[in-house]
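Chain by chain, the residues:
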Amino acid sequence: MTSHRAEGTAAERSPDAHARFTRLVHEHQRSLFAHVRVVYPHVDADTVVNEAFTAAWQRIDDVPEVGTGTWLRSAARYVVMNRRRGERRWQALNDRVARLEPVGHVPAPDHEAGLQLRLVLDALASLSPADREVLLMTALDDLSPDDVAEILGISPSAAKARVSRARSRLRAAITTGSGPSHDAFQEGGS
Amino acid sequence: MPEPFDPVDVLQTHVRAVALLERPRDDPDDLIARITSAAVSATVVPLRTPRRRRWWVAGAATTIVVVGGAGVAAMIGARPDEQILDVVCRSTADRSGSGLAVVAGTDPIGACVELWRSGAMSEQAGAVDTGDVVPRLVACTGPGRPVEVYPLAEGTGCATLGLLDADVTANVDDPVVELQEIAASLYGSGVCTSSEELFRSMEDALKTLELVDWTAVVDGDAKCAVAAIDPSRLVVRIAPDPLGPPTQEEP
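These protein sequence lines map, in sequence, to chains A and B.
Following our numbering, the residues of the first sequence are numbered contiguously, the last one being 216.
Following our numbering, the residues of the second sequence are numbered contiguously, the last one being 258.
The following block holds chain A by itself, in its conformation from the complex (with noise of 0.2 Å):
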């Protein structure tokens, strides 16, 4: 892996480039968005996303034609993980938004999935950051272990792995947990 830096202006690139530019940005935009949305909760995804594309457009030829999408992330990630060695708070930021309210508004759950829901966001949040990150992300989107492997820089065992962790982790935190919304579904079922 290696950083380095690119100099250059609209002007010095080709217009192949700006074309290959442009259609990804419209073909990913919403969904790299939607992924720092979800996956990271605690970083303002517009800017996060704003950097990723930057650093596509500075080294448009090593896009990959496929597996755009899974670069995009990477490189998302890349800009959060920069951001996150700066804000040394970020513990508690993430903790405390760990519940991904969403901003929107969500059509209400009836009785029983709204407690199901309360009972999966409490549990999410019990989780450390690295079990919470890799389950949002395979929630989200059909990524294959390869995906989720480039993603966050691990052999596609390892990701396997990891996502197989944090499912059982996240089962095992229902199965345990306690809590106003563990006891209220408890007792909303019986």
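No wet-lab data here; the hints were simulated from the structure.
Mixed in with the good hints there might be a few duds.
Said to hold, decoys possible - Pairwise CB distance ranges (calculated):
#1 A:45 with B:34: 33 to 41 Å
#2 B:162 with A:87: 36 to 44 Å
#3 B:219 with A:91: 30 to 38 Å
#4 B:169 with A:182: 19 to 27 Å
#5 B:244 with A:170: 25 to 33 Å
#6 B:160 with A:41: 45 to 53 Å
#7 A:72 with B:228: 48 to 56 Å
#8 A:57 with B:160: 39 to 47 Å
As the list claims (entries may be wrong) - Here chain B is said to cover these stretches of chain A; the calculated rule only asks that three of the stretch's residues, wherever they fall, bring their Cβ under 8 Å from a Cβ of chain B:
#9 40-50
#10 141-147
#11 161-170
#12 174-186
#13 189-199
Cβ atoms here follow ideal geometry from the backbone N, Cα and C, with glycine treated the same way.
For chain A, the structure is supplied; the task is to place chain B on it using the hints.
Just chain B, lined up with the frame of chain A:
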């Protein structure tokens, strides 16, 4: 009792609803114009390549990490029931040198490799500027100290710093080792995992890790169970935890 449900399905439905409701602020054409018209001189995001070797460190808990020198001080709470480590990546072979505290998941050395590759470590006070080159990294620990990853020259180890080698025990690219890690994370979590739950999780893990010749067997139902990995017989044996509460009796 309420109906059983799959939390992964519930989570999936919810996050997809959240994703559908929110849109980027920027119009795509505005975004394109802004990015392509600006002079580009920011640090380029590196391409990621999967690392070959992944290590994990068993059992450690850190409450407060204070990094000396001109480094970063961070307070990170780690639950002792998880193999999720808070790690200090040191920029020099010096116990009181500067460094960065990170939440490293299960891979402390990997997390520090990432920092070295990003150039963040070379920016620390006193660090030798190695550019993108990652020096040899060794995980050390000591009484009252977190896991710390030091750049150490070949032939030297934690002992040269008066520290112990951290218990770097396994290469998790080996699926059996990964299986052991998963098992340990389930029954070593400080809370009881039932035989049924552990059986389901281990079956899940066997499938995920593509250990097709392996089987999981339950030796007695218990509220608190443990999983024993037997590589010679390709069996995961789930048995009552000898240290847990007694086997569940029907009232």
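Enumerate the violated hints, using their earlier numbering and listing them in ascending order. Going through the list in order, the structure violates hints 1, 4 and respects the others.
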